[in-house]
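K.L.:
The primary structure of each chain is shown beneath.
Number of protein chains: 2
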Amino acid sequence: MPVTVVGSIAFDAVKTASGEREKMLGGAAVHFALAASFFDEVRVVGPVGDDFGEAELTVLRTRGVDVSDVEHVAGGRTFFWKGEYSWDFNERETLDTQLNVFEHFDPKLSDASRSSEVLFLANIVPDLQRQVRQQCPDARFVALDSMNLWIDIARDSLVETIGMVDCLILNDGELRQLTGQAKLVGAAREVLSWGGPSVVVAKLGEYGAALITAEDYFQMPAFPLSTVVDPTGAGDTFAGGFVGYIAAHPGEERSPEMLRRAMAYGTVIASYNVEEFGTERVARLTGPEIADRVAELERMMHFSDSPIQLRG
Amino acid sequence: MPVTVVGSIAFDAVKTASGEREKMLGGAAVHFALAASFFDEVRVVGPVGDDFGEAELTVLRTRGVDVSDVEHVAGGRTFFWKGEYSWDFNERETLDTQLNVFEHFDPKLSDASRSSEVLFLANIVPDLQRQVRQQCPDARFVALDSMNLWIDIARDSLVETIGMVDCLILNDGELRQLTGQAKLVGAAREVLSWGGPSVVVAKLGEYGAALITAEDYFQMPAFPLSTVVDPTGAGDTFAGGFVGYIAAHPGEERSPEMLRRAMAYGTVIASYNVEEFGTERVARLTGPEIADRVAELERMMHFSDSPIQLRG
Chain A
1073 MPVTVVGSIA
1083 FDAVKTASGE
1093 REKMLGGAAV
1103 HFALAASFFD
1113 EVRVVGPVGD
1123 DFGEAELTVL
1133 RTRGVDVSDV
1143 EHVAGGRTFF
1153 WKGEYSWDFN
1163 ERETLDTQLN
1173 VFEHFDPKLS
1183 DASRSSEVLF
1193 LANIVPDLQR
1203 QVRQQCPDAR
1213 FVALDSMNLW
1223 IDIARDSLVE
1233 TIGMVDCLIL
1243 NDGELRQLTG
1253 QAKLVGAARE
1263 VLSWGGPSVV
1273 VAKLGEYGAA
1283 LITAEDYFQM
1293 PAFPLSTVVD
1303 PTGAGDTFAG
1313 GFVGYIAAHP
1323 GEERSPEMLR
1333 RAMAYGTVIA
1343 SYNVEEFGTE
1353 RVARLTGPEI
1363 ADRVAELERM
1373 MHFSDSPIQL
1383 RG
Chain B
1073 MPVTVVGSIA
1083 FDAVKTASGE
1093 REKMLGGAAV
1103 HFALAASFFD
1113 EVRVVGPVGD
1123 DFGEAELTVL
1133 RTRGVDVSDV
1143 EHVAGGRTFF
1153 WKGEYSWDFN
1163 ERETLDTQLN
1173 VFEHFDPKLS
1183 DASRSSEVLF
1193 LANIVPDLQR
1203 QVRQQCPDAR
1213 FVALDSMNLW
1223 IDIARDSLVE
1233 TIGMVDCLIL
1243 NDGELRQLTG
1253 QAKLVGAARE
1263 VLSWGGPSVV
1273 VAKLGEYGAA
1283 LITAEDYFQM
1293 PAFPLSTVVD
1303 PTGAGDTFAG
1313 GFVGYIAAHP
1323 GEERSPEMLR
1333 RAMAYGTVIA
1343 SYNVEEFGTE
1353 RVARLTGPEI
1363 ADRVAELERM
1373 MHFSDSPIQL
1383 RG
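Residue numbers (my numbering), protein chains in the order written: chain A, 1073 to 1384; chain B, 1073 to 1384.
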């Protein structure tokens, strides 16, 4: 099933222990789209400015992404984020954020984008996510990402929007903040009780991601890498692989087995994403490379007990 | 094979979102011993004061633990720690530490304790750990825990001691601090290159634990719980299950499969430990309860891919 993603298209400036980039293609919708493009057609909806050119569009088109709904705002400049990571990548400092054309973003979906049966609402103001959700009445699987800012200043709107989607993807700290539940499982169960999402995915950063449904708990480690170059976009790349995998199985029930596999594809594509700056690695990633790492992940996760006599 | 553990025996005062205890049995050696007691005989070496009585010894004896080398220092008081956890258990503040009899601890091992083929050096000053290691020349598997304090003030001694053990068990942040390597895999590989440990276990807190050897990377999630009462001693309980499992397989090669199973037993016993204060839950834990959760963990970790056609 084709996938529509609505969210930020950006230029990022990033400095890490491995080097830096002054201006590179980024944004949640871009990272998501590149990852999801391995599974089905992806339609990107988001605004860009005059500084966004053919070179950037070509990165998306080369992966078969439909950029018809990338809205060029004449006279505007593209969303810009600048950040720096600590030596061990566990903290990041935002040095500059320029909303630019994103400040007055009013999502306009073409008939094609509206007709997608799978929809990803990347992290934008919850009111806009809800508006997009309402424009896509035929969507059969809708996933949503958000952030602590909206929990702080627009919690009611965010909760209302979450009630209209099938899958919530959040950092585990944000899930706890959103629900006031101290433990991840409790926080996810609380969200599942709201009547909207039947699937909750908690992003655990370098520790991987957890999948919680009414009948399942599953945790997948991040693919182990001895060096990381740039973690920017890892979460959205994961979401692209996860949602893309589900989109590629239209007739299939969303069984625990299927959702666990979707987690693996998200995990693997995200692991490639962080090996180079921005979109550089995923832009030239191949299907066989993904399959190789999924197979390695399967071996890496294998565990079977053998009976033992315990004392007591 | 019998297991000797050398480390702290303590009284803890703990406050968490679930309640508080003014004075309860604790200490690394105690938590380790109770967990390891499900697998083989455990001999505890550590000092206590006049305030440590029959009630506390009975907790250990009931689990078959050999307390002959629990050294009663006349006129002294038992090591005391007081701490409080944040609402989500992700931070803890130490409110009081009284070393008491632990300040001049000089480990005295009986012939029985010296003869154990498995040895756990719980977190104490590295010079003492090394001294104990040298008293046990016949030990075939020696594991060591430590903490950031010793990396800060006694790194050379700690590195020398690590070079004399088979297995290093540390928090992932401490592994990074110890090696200066930003990523866990790199940090563990660095330790493996020192010529001592062939097994590195990184404790990931609520995210579980990772096992790294020359040929294997394995990560096991913490057993998911919707409520936690008291995380104190979870790491040492994990170590007790992990090392105890290895001790219970004397003739067996330490294969990846065996070490992965040891991780599961450590994980499961630690999950029971945090469900009540201090040693309360593990003290009455049973073998069938452990087996049940190991089986659940196996189901929870199952992942198998199925072929998919990727675009590109």
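Honestly, the hints are just simulated from the structure, not real lab data. A hint or two may mislead.
[Unchecked claim] Taking lysine to any residue and the SDA-like style, the derived pairs with C-alpha atoms no more than 25 Å apart in a straight line are:
{"hint": "1", "chain 1": "B", "residue 1": "LYS1154", "chain 2": "B", "residue 2": "GLY1136"}
{"hint": "2", "chain 1": "A", "residue 1": "LYS1255", "chain 2": "B", "residue 2": "GLY1245"}
{"hint": "3", "chain 1": "A", "residue 1": "LYS1255", "chain 2": "A", "residue 2": "SER1298"}
{"hint": "4", "chain 1": "B", "residue 1": "LYS1255", "chain 2": "A", "residue 2": "GLN1253"}
{"hint": "5", "chain 1": "A", "residue 1": "LYS1180", "chain 2": "A", "residue 2": "SER1158"}
{"hint": "6", "chain 1": "B", "residue 1": "LYS1095", "chain 2": "B", "residue 2": "TYR1157"}
{"hint": "7", "chain 1": "B", "residue 1": "LYS1255", "chain 2": "A", "residue 2": "ARG1133"}
{"hint": "8", "chain 1": "A", "residue 1": "LYS1255", "chain 2": "B", "residue 2": "LYS1180"}
{"hint": "9", "chain 1": "B", "residue 1": "LYS1095", "chain 2": "B", "residue 2": "SER1187"}
{"hint": "10", "chain 1": "A", "residue 1": "LYS1087", "chain 2": "B", "residue 2": "THR1169"}
{"hint": "11", "chain 1": "B", "residue 1": "LYS1255", "chain 2": "A", "residue 2": "PHE1152"}
{"hint": "12", "chain 1": "B", "residue 1": "LYS1255", "chain 2": "B", "residue 2": "ASN1162"}
{"hint": "13", "chain 1": "B", "residue 1": "LYS1095", "chain 2": "B", "residue 2": "LYS1255"}
{"hint": "14", "chain 1": "B", "residue 1": "LYS1180", "chain 2": "B", "residue 2": "GLN1170"}
{"hint": "15", "chain 1": "B", "residue 1": "LYS1087", "chain 2": "A", "residue 2": "GLN1253"}
{"hint": "16", "chain 1": "B", "residue 1": "LYS1095", "chain 2": "B", "residue 2": "GLN1203"}
{"hint": "17", "chain 1": "A", "residue 1": "LYS1255", "chain 2": "B", "residue 2": "GLU1163"}
{"hint": "18", "chain 1": "A", "residue 1": "LYS1095", "chain 2": "A", "residue 2": "ARG1353"}
{"hint": "19", "chain 1": "B", "residue 1": "LYS1154", "chain 2": "B", "residue 2": "ARG1205"}
{"hint": "20", "chain 1": "A", "residue 1": "LYS1154", "chain 2": "A", "residue 2": "GLY1245"}
{"hint": "21", "chain 1": "A", "residue 1": "LYS1180", "chain 2": "A", "residue 2": "VAL1231"}
{"hint": "22", "chain 1": "A", "residue 1": "LYS1255", "chain 2": "B", "residue 2": "MET1372"}
{"hint": "23", "chain 1": "A", "residue 1": "LYS1154", "chain 2": "B", "residue 2": "MET1372"}
{"hint": "24", "chain 1": "A", "residue 1": "LYS1255", "chain 2": "B", "residue 2": "GLN1170"}
{"hint": "25", "chain 1": "A", "residue 1": "LYS1255", "chain 2": "B", "residue 2": "GLU1348"}
{"hint": "26", "chain 1": "B", "residue 1": "LYS1255", "chain 2": "A", "residue 2": "TRP1159"}
Since the structure is predicted, the reported quantities are computational estimates derived from the model, not experimental observations.
K.L.:
If a hint holds in the structure, say so; if it doesn't, say that too.
P.N.:
Against the structure, the hints come out as follows:
1. Restraint check for B/LYS1154 and B/GLY1136: the C-alpha separation of about 28 Å exceeds 25 Å, so the hint is violated.
2. Distance check on the hinted pair: A/LYS1255 and B/GLY1245 sit about 21 Å apart at the alpha-carbon level, within 25 Å; holds.
3. Annotation: proposed proximity of A/LYS1255 to A/SER1298 is violated, straight-line Cα distance about 29 Å (limit 25 Å).
4. For the proposed pair B/LYS1255 and A/GLN1253, the alpha carbon gap of about 30 Å is over 25 Å, so the pair is violated.
5. With a CA separation close to 38 Å, the supplied pair A/LYS1180 and A/SER1158 exceeds the 25 Å bound.
6. Between B/LYS1095 and B/TYR1157 the alpha-carbon distance is near 16 Å, which keeps this suggested pair within the 25 Å criterion.
7. Taking the CA atoms of B/LYS1255 and A/ARG1133, the gap is near 34 Å; set against the 25 Å cutoff, the hint is violated.
8. Taking the CA atoms of A/LYS1255 and B/LYS1180, the gap is about 42 Å. The hint is violated against a cut of 25 Å.
9. For the suggested pair B/LYS1095 and B/SER1187, the alpha carbons sit about 34 Å apart, so the restraint of at most 25 Å is broken.
10. Taking the CA atoms of A/LYS1087 and B/THR1169, the gap is about 41 Å. The hint is violated against a cut of 25 Å.
11. Taken as a hint, the B/LYS1255 and A/PHE1152 pair is broken in the structure, with Cα atoms around 28 Å apart against an allowance of 25 Å.
12. Our distance criterion of 25 Å between C-alpha atoms is met by B/LYS1255 and B/ASN1162, whose separation comes to about 21 Å.
13. Proposed proximity of B/LYS1095 and B/LYS1255 is contradicted: the alpha carbons are some 39 Å apart, above 25 Å.
14. About 22 Å separates the Cα atoms of B/LYS1180 and B/GLN1170, which keeps this hinted pair within 25 Å; it holds.
15. With a C-alpha separation of about 18 Å, the suggested pairing of B/LYS1087 with A/GLN1253 holds against the 25 Å cut-off.
16. For the hint pairing B/LYS1095 with B/GLN1203, the CA-to-CA distance comes to about 31 Å; that exceeds 25 Å, so the pair is violated.
17. Between A/LYS1255 and B/GLU1163, the direct Cα distance comes to roughly 13 Å. Compliance with the 25 Å bound is thereby established for this hinted pair.
18. Between A/LYS1095 and A/ARG1353, the direct Cα distance comes to roughly 16 Å. Compliance with the 25 Å bound is thereby established for this hinted pair.
19. Proposed proximity of B/LYS1154 and B/ARG1205 is contradicted: the alpha carbons are some 30 Å apart, above 25 Å.
20. Taking the CA atoms of A/LYS1154 and A/GLY1245, the gap is near 23 Å; set against the 25 Å cutoff, the hint holds.
21. Note on A/LYS1180 and A/VAL1231: the hinted pairing holds, with a Cα-Cα distance of about 23 Å set against a maximum of 25 Å.
22. Proximity of A/LYS1255 to B/MET1372 is assessed by CA-CA distance (about 18 Å); at most 25 Å being required, the pair is judged to hold.
23. Restraint check: the Cα-Cα separation between A/LYS1154 and B/MET1372 comes to about 39 Å, which exceeds 25 Å; the hinted pair is violated.
24. Taking the CA atoms of A/LYS1255 and B/GLN1170, the gap is about 31 Å. The hint is violated against a cut of 25 Å.
25. Taken as a hint, the A/LYS1255 and B/GLU1348 pair is honoured in the structure, with Cα atoms around 15 Å apart against an allowance of 25 Å.
26. Annotation: proposed proximity of B/LYS1255 to A/TRP1159 holds, straight-line Cα distance about 10 Å (limit 25 Å).
Hint violations for this structure: numbers 1, 3, 4, 5, 7, 8, 9, 10, 11, 13, 16, 19, 23, 24, all remaining hints satisfied.
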